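**Q** Note that the protein sequences, when read in sequence, are chains A and B. If you read the first sequence in full-length UniProt numbering, its first letter stands for residue 1, the second for the next number, and so on. If you read the second sequence in full-length UniProt numbering, its first letter stands for residue 1, the second for the next number, and so on.
Since the hints were derived computationally from the structure, they do not count as laboratory data. One or more hints might be untrue.
Derived list of chain B stretches under chain A, where covered just means 3 residues or more per stretch with a C-beta under 8 Å from a C-beta of chain A [claimed, not checked]:
(1) 21-31
(2) 72-82
(3) 134-140
(4) 150-160
Pairs of lysine to aspartate or glutamate, EDC-like flavour, derived with a Cα cap of 20 Å [stated by the list, open to error]:
(5) A:573 x A:617
(6) B:79 x A:718
(7) A:383 x A:677
(8) A:689 x A:718
(9) B:79 x A:794
(10) A:573 x A:535
Facing chain A, a subset of chain B residues (Cβ under 8 Å, in silico) [what the hints assert, rightly or not]:
(11) 11
(12) 116
(13) 118
(14) 119
(15) 121
(16) 123
(17) 174
(18) 175
(19) 176
(20) 177
Note that this is a predicted model, so its numbers are computed, not measured. C-beta: ideal position from N, C-alpha, C; glycine also.
If you want the building blocks of each chain, they are given just below.
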Amino acid sequence: MSYRIPGRGRVDHADPVRFTFDGKSLKGLRGDTLASALLANGIHLVGRSFKYHRPRGIVTAGSDDPNALVETSRDSGRFEPNTRATVQELRSGLAAESQNRFPTLEYDVGEVNNLLAPLFSAGFYYKTFMWPRNFWDKVYEPVIRRAAGLGRAPTEVDPDHYASRYAHVDVLVAGAGPAGIAAALAAARSGASVMLVDENSEIGGSLLSEPGVEIGGTPAWDWLADAAAELEALGVQVLPRTIAMGYYHQNMVGLCQRVTDHLDTVPANAPRERMWRVRAARVVLAQGAQEKPLVFDGNDRPGVMLAGAAQTFLNRFGVRVCDRGVVVTSHDSAYHAAFDLADAGAVIAAIVDTRSEIRDDLRSEARARGIEVLASHTVTGTKGRLRIKSVRVNPVASGRVLSPRTLFCDALLMSGGWTPALHLFSHTKGGLAWDAEAQTFLPDRKTENCEIAGAGRGLWGIGAALADGAKAGAEAAGALGREATTPEFDVTTDRAGTGRAHEELPTDRNPSRVRAFVDFQNDVTAKDIRLAVREGMRSIEHVKRYTTTGMATDQGKLSNINGLMIAADALGKTPPEVGLTTFRPPYTPTTFGAFAGYHRGAHFEVTRKTPIDPWAEAHGAVFEPVAQWRRARYFPQGEEDMDAAVERECRATRASVGIFDASTLGKIEVTGPDAVEFMNRVYTNPWTKLAPGKLRYGVLLGDDGYVRDDGVIGRISEHQFHVTTTTGGAARVLNTMEDYLQTEWPDLDVWLTSTTEQWAVVALNGPNARKVLEPLVEGLDISNAAFPMMSVADCTVAGLPARLFRLSFTGELGYEINVPARHGLALWEALMTAGAPHGITPYGTESMHLLRAEKGFIIVGQDTDGTVSPQDAGLGWALGSKKADFIGMRGLQRPDLVAKGRKQLVGLLTEDGAVKLEEGAQITAERDAPLPRAMIGHVTSSYRSPALGRSIAMALVKDGHDRMGEIVYIPMENEVIAARIASANFYDPDGGRAKA
Amino acid sequence: MNTDTETRPTAARVEPLPPEARFSLRARAHHLDRISEALWVGVPRRIGDIAENDARRAVCLGPDEWLLTLPEDQGAGLKARMAEIRHDAPHALADISDRELCYRISGPGAAQIVAMGCPRDLRALVTGRAVRTVFDGASVILWREAEDSFRLDIWRSFAPHALALVETGIEELRAGL
Numbered sequence: 001m002s003y004r005i006p007g008r009g010r011v012d013h014a015d016p017v018r019f020t021f022d023g024k025s026l027k028g029l030r031g032d033t034l035a036s037a038l039l040a041n042g043i044h045l046v047g048r049s050f051k052y053h054r055p056r057g058i059v060t061a062g063s064d065d066p067n068a069l070v071e072t073s074r075d076s077g078r079f080e081p082n083t084r085a086t087v088q089e090l091r092s093g094l095a096a097e098s099q100n101r102f103p104t105l106e107y108d109v110g111e112v113n114n115l116l117a118p119l120f121s122a123g124f125y126y127k128t129f130m131w132p133r134n135f136w137d138k139v140y141e142p143v144i145r146r147a148a149g150l151g152r153a154p155t156e157v158d159p160d161h162y163a164s165r166y167a168h169v170d171v172l173v174a175g176a177g178p179a180g181i182a183a184a185l186a187a188a189r190s191g192a193s194v195m196l197v198d199e200n201s202e203i204g205g206s207l208l209s210e211p212g213v214e215i216g217g218t219p220a221w222d223w224l225a226d227a228a229a230e231l232e233a234l235g236v237q238v239l240p241r242t243i244a245m246g247y248y249h250q251n252m253v254g255l256c257q258r259v260t261d262h263l264d265t266v267p268a269n270a271p272r273e274r275m276w277r278v279r280a281a282r283v284v285l286a287q288g289a290q291e292k293p294l295v296f297d298g299n300d301r302p303g304v305m306l307a308g309a310a311q312t313f314l315n316r317f318g319v320r321v322c323d324r325g326v327v328v329t330s331h332d333s334a335y336h337a338a339f340d341l342a343d344a345g346a347v348i349a350a351i352v353d354t355r356s357e358i359r360d361d362l363r364s365e366a367r368a369r370g371i372e373v374l375a376s377h378t379v380t381g382t383k384g385r386l387r388i389k390s391v392r393v394n395p396v397a398s399g400r401v402l403s404p405r406t407l408f409c410d411a412l413l414m415s416g417g418w419t420p421a422l423h424l425f426s427h428t429k430g431g432l433a434w435d436a437e438a439q440t441f442l443p444d445r446k447t448e449n450c451e452i453a454g455a456g457r458g459l460w461g462i463g464a465a466l467a468d469g470a471k472a473g474a475e476a477a478g479a480l481g482r483e484a485t486t487p488e489f490d491v492t493t494d495r496a497g498t499g500r501a502h503e504e505l506p507t508d509r510n511p512s513r514v515r516a517f518v519d520f521q522n523d524v525t526a527k528d529i530r531l532a533v534r535e536g537m538r539s540i541e542h543v544k545r546y547t548t549t550g551m552a553t554d555q556g557k558l559s560n561i562n563g564l565m566i567a568a569d570a571l572g573k574t575p576p577e578v579g580l581t582t583f584r585p586p587y588t589p590t591t592f593g594a595f596a597g598y599h600r601g602a603h604f605e606v607t608r609k610t611p612i613d614p615w616a617e618a619h620g621a622v623f624e625p626v627a628q629w630r631r632a633r634y635f636p637q638g639e640e641d642m643d644a645a646v647e648r649e650c651r652a653t654r655a656s657v658g659i660f661d662a663s664t665l666g667k668i669e670v671t672g673p674d675a676v677e678f679m680n681r682v683y684t685n686p687w688t689k690l691a692p693g694k695l696r697y698g699v700l701l702g703d704d705g706y707v708r709d710d711g712v713i714g715r716i717s718e719h720q721f722h723v724t725t726t727t728g729g730a731a732r733v734l735n736t737m738e739d740y741l742q743t744e745w746p747d748l749d750v751w752l753t754s755t756t757e758q759w760a761v762v763a764l765n766g767p768n769a770r771k772v773l774e775p776l777v778e779g780l781d782i783s784n785a786a787f788p789m790m791s792v793a794d795c796t797v798a799g800l801p802a803r804l805f806r807l808s809f810t811g812e813l814g815y816e817i818n819v820p821a822r823h824g825l826a827l828w829e830a831l832m833t834a835g836a837p838h839g840i841t842p843y844g845t846e847s848m849h850l851l852r853a854e855k856g857f858i859i860v861g862q863d864t865d866g867t868v869s870p871q872d873a874g875l876g877w878a879l880g881s882k883k884a885d886f887i888g889m890r891g892l893q894r895p896d897l898v899a900k901g902r903k904q905l906v907g908l909l910t911e912d913g914a915v916k917l918e919e920g921a922q923i924t925a926e927r928d929a930p931l932p933r934a935m936i937g938h939v940t941s942s943y944r945s946p947a948l949g950r951s952i953a954m955a956l957v958k959d960g961h962d963r964m965g966e967i968v969y970i971p972m973e974n975e976v977i978a979a980r981i982a983s984a985n986f987y988d989p990d991g992g993r994a995k996a
Numbered sequence: 001m002n003t004d005t006e007t008r009p010t011a012a013r014v015e016p017l018p019p020e021a022r023f024s025l026r027a028r029a030h031h032l033d034r035i036s037e038a039l040w041v042g043v044p045r046r047i048g049d050i051a052e053n054d055a056r057r058a059v060c061l062g063p064d065e066w067l068l069t070l071p072e073d074q075g076a077g078l079k080a081r082m083a084e085i086r087h088d089a090p091h092a093l094a095d096i097s098d099r100e101l102c103y104r105i106s107g108p109g110a111a112q113i114v115a116m117g118c119p120r121d122l123r124a125l126v127t128g129r130a131v132r133t134v135f136d137g138a139s140v141i142l143w144r145e146a147e148d149s150f151r152l153d154i155w156r157s158f159a160p161h162a163l164a165l166v167e168t169g170i171e172e173l174r175a176g177l
């Protein structure tokens with residue numbers, strides 16, 4: 001049967017929408033939420049609770065609903081667990097499934113937990129699963145993990161797009177109820193740029209549920225239409241379906257906009273959600289208030305719903321949630337829900353009020369409708385397995401609960417009053433103050449440029465919200481130097497009211513048998529909270545963690561104040577003495593997709609590629625990530641694996657010529673009259689006497705004296721250096737240099753420019769390197785005599801403007817050719833052609849690492865770890881001992897840097913040359929000393945050397961430089977490997993090949 | 001109120017810009033007059049300002065930093081003129097013609113495309129100004145050439161990443177939601 005009232009609400013009665021729930025085909029209307037459509041079909045039962053698997057129904061009409069979590073899907077890839085039925089708009093073909101039940105929602109074997117409930121008290125996990133200890137890993141945790149969680153995780157990759165957008169506005173208004181709309185209008189009329197957002201599908205907030213109100217003689221919904229038109233005319237950016245989910249520093253507010261979930265079909269490339277990051281000069285928080293449940297036995301039965309939600313379902317969606325309802329309340333607002341439902345044809349069996357004093361006008365309106373009002377009453381139980389059938393109510397006199405009577409009903413509408421939505425304000429670390437009269441926390445001390453308007457600061461009624469919103473909007477505009485006026489609002493038939501807050505309702509039944517829920521989603525009862533207090537929890541934060549109240553996906557929107565009232569009562573303290581837990585973003589559950597935005601798949605993180613990368617890709621290179629770059633690691637031919645390819649590449653380079661893309665090296669142009677002074681202060685080496693046209697290997701330390709970076713540096717002219725850095729260190733080195741220049745030496749006339757990407761760099765190495773290069777060079781004699789090792793000059797290579805370095809990171813005759821980046825690929829191809837007669841062989845980073853290891857050249861970050869001094873690394877020769885200062889000079893004089901016993905970089909040769917050490921393996925001085933055995937170092941680099949025909953390694957070993965020739969031991973899982981300490985300069989130790 | 005099926009005109013487009021000579025200029029304020037003479041364009045003193053003289057442009061990026069752009073065939077001449085004043089007006093002039101790739105994003109949705117990756121307040125970037133900022137995590141120089149036309153200078157290796165977002169954004173605008 002249908003509970004839809006023809007013609008009523010803001011849904012389109014002429015546009016039916018088909019959907020399914022648990023496989024059953026149902027009909028709703030355009031404009032419905034999934035929840036309102038289910039209720040229109042008489043369905044309250046939508047899920048099972050998390051812990052006890054109790055049947056649960058729809059409780060609220062908004063994003064705070066703790067129970068109405070269902071799985072929804074559009075197609076197999078577009079599957080989402082824990083969709084809130086009260087938020088999800090109905091779309092054609094929407095498939096919804098209930099969760100946390102097996103085999104069906106009506107008959108769920110997990111319900112056995114409900115019978116065992118006395119076992120699952122607060123702190124149950126902490127108490128029960130402590131012993132025996134070894135049961136935790138193998139038994140308890142796996143079982144708990146299987147039973148825990150709501151819904152099923154999706155198994156397919158999410159095919160949807162997610163978008164991001166930055167925005168800047170003068171005034172951001174969060175919440176488009178009467179207060180928010182009035183604020184947006186007031187601010188926009190002053191000329192401010194305004195953004196107005198609301199989580200619902202349309203603006204209006206409480207006005208959508210209160211069509212009977214008249215504002216300035218205009219019915220609420222007509223006023224709303226006029227307001228929407230004016231907002232548009234004023235250029236206000238109105239974003240419905242958009243939740244202000246986090247309020248961050250300096251008025252940065254995160255908004256999550258639902259873009260396509262409500263659409264029957266999704267246009268190509270449309271994002272499912274969009275995360276807005278809005279920087280607003282002023283923020284107006286107009287988020288309204290949330291209705292609280294009352295806490296009594298059986299308050300979680302399907303059909304027990306918040307009175308305000310019933311009113312919303314009726315007035316906004318045209319759905320009567322019951323035939324025969326009972327209302328239980330401690331607040332005036334529920335009377336209006338009762339009256340509206342009665343006027344719509346439902347029977348209201350009674351209004352049960354916990355208060356003794358009831359307003360005369362409410363009494364007489366109830367009387368006029370034939371509704372019995374039971375003042376000073378309590379609710380002590382409900383019945384009905386999958387839907388409420390009756391409610392047990394008792395009069396309370398002088399603190400005593402008297403005899404009960406039973407009222408039959410198919411819905412129980414409750415109201416425990418309203419809680420201002422303080423969440424976003426709480427994100428700002430704004431202070432809260434307890435209002436003893438209203439028995440609620442209100443926003444107090446502000447930390448950000450924001451205003452709070454309307455029900456969000458405890459004002460009740462449409463008239464008060466409108467006036468307060470307009471005032472907040474005007475104040476926001478005024479703070480921006482604009483002149484804003486606050487209009488008067490003449491609101492008639494406004495239904496403002498008051499109420500009181502409660503701990504759990506009094507009962508005449510055995511308290512140990514009472515199941516009065518505080519947190520529906522986490523199945524926390526009033527009893528659990530009192531138990532937590534008895535067991536020693538004093539702070540609300542401890543009570544929260546011990547009982548899990550407020551820790552569900554609704555973040556305690558319904559439960560926090562009720563939980564606090566009960567804890568305060570148990571502790572004999574006032575609520576502000578016990579305190580409120582801190583709300584944290586996001587305000588409502590937010591998808592990972594919305595946070596990730598565009599950064600997924602190939603766009604997850606930037607991948608930097610060199611100008612020569614396309615050639616490497618076309619020639620089958622295997623790549624590896626180095627910092628943000630991808631670099632060719634090796635170039636396999638045929639079936640070659642990495643070892644085979646690297647061996648071939650290395651042999652070819654040593655025998656003839658190899659070619660390597662070195663474009664990723666960091667490059668910094670250091671220019672100015674004080675360039676040489678600057679270089680002397682930054683690098684350890686002396687630079688004054690380095691002549692233009694010459695290169696030098698430079699070492700950069702930190703203040704602490706440890707090696708930070710290295711690279712070959714060319715003096716281009718008296719006033720200019722061409723610095724190279726490691727690939728990963730480029731940005732860091734430039735930042736370090738700028739830092740010193742700006743803060744320590746602002747007097748120096750020298751400037752730094754990153755030229756990393758200005759140049760593409762190709763390295764040629766091997767005895768035939770000159771033969772390949774020479775015919776291509778113009779404007780420079782590169783004979784060994786005219787252009788010796790460690791020279792630099794500008795010239796032309798293959799017709800391209802070039803800066804030529806002669807250096808060697810391989811031990812062979814080597815050149816690095818720099819050309820403007822756009823020419824990098826052309827240079828590479830020209831060299832490949834010129835080198836073809838010599839069997840020129842491209843090699844990657846793996847061969848580069850091996851070739852340098854054969855020479856004992858360090859790689860900063862591999863052979864050093866931030867605690868290695870230049871002396872430790874065997875680079876003592878690079879220290880300008882006569883210099884007045886350089887970065888790290890003082891650090892090098894620290895006692896522990898000059899003491900014996902430091903780990904020093906050495907070569908290691910395994911006794912059996914066929915055995916290759918593991919990088920990172922620990923080293924001991926003795927083979928069989930008792931455990932624990934002292935570790936004296938570790939292996940930093942290890943390779944099979946084609947040139948030496950055996951394995952080689954580099955290691956940091958305690959006092960290693962004094963241990964030359966000694967045998968050390970490397971204990972591995974199944975063996976102990978013996979190795980001899982040697983110089984790391986394994987290959988061509990005299991360096992004759994590079995100078996040839 | 002079904003899917004918005006209205007066919008929209010292309011809201012934005014992106015195009016690569018042809019090569020030009022580009023230099024990074026660093027100098028102290030009291031030498032700027034001398035330097036401006038040699039540059040044949042007066043360097044602006046306010047960050048974000050652009051000075052232009054006969055296709056030579058100088059953009060003030062920081063208190064002592066300018067970007068110079070000029071036709072490719074004028075690069076060598078500029079270098080030579082600046083070398084002559086090196087002793088009178090110390091400065092650094094680094095050729096960065098190949099460091100960045102440059103793109104123009106234009107059309108009614110251009111600002112929305114930029115706002116997908118740039119956290120700056122684009123209302124404050126008025127036509128005829130340029131600033132160093134970030135776009136999708138990459139450092140860029142963002143020029144506002146007209147109300148609905150932006151230029152992005154991006155380090156070469158970051159350009160494909162940034163461009164991919166621009167193209168995704170164009171498709172997103174085309175979807176009209």
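**Q** Hint by hint, note whether the structure agrees.
**A** For each hint, the structure was consulted:
no.	hint	result
1	21-31	holds (count 4)
2	72-82	violated (count 0)
3	134-140	holds (count 3)
4	150-160	holds (count 5)
5	A:573 x A:617	violated, 71 Å
6	B:79 x A:718	holds, 17 Å
7	A:383 x A:677	violated, 88 Å
8	A:689 x A:718	holds, 10 Å
9	B:79 x A:794	holds, 15 Å
10	A:573 x A:535	holds, 17 Å
11	11	violated, 12 Å
12	116	holds, 6 Å
13	118	holds, 7 Å
14	119	holds, 5 Å
15	121	holds, 4 Å
16	123	holds, 6 Å
17	174	holds, 7 Å
18	175	holds, 4 Å
19	176	holds, 7 Å
20	177	holds, 5 Å
Of the numbered hints listed earlier, those contradicted by the structure are 2, 5, 7 and 11.
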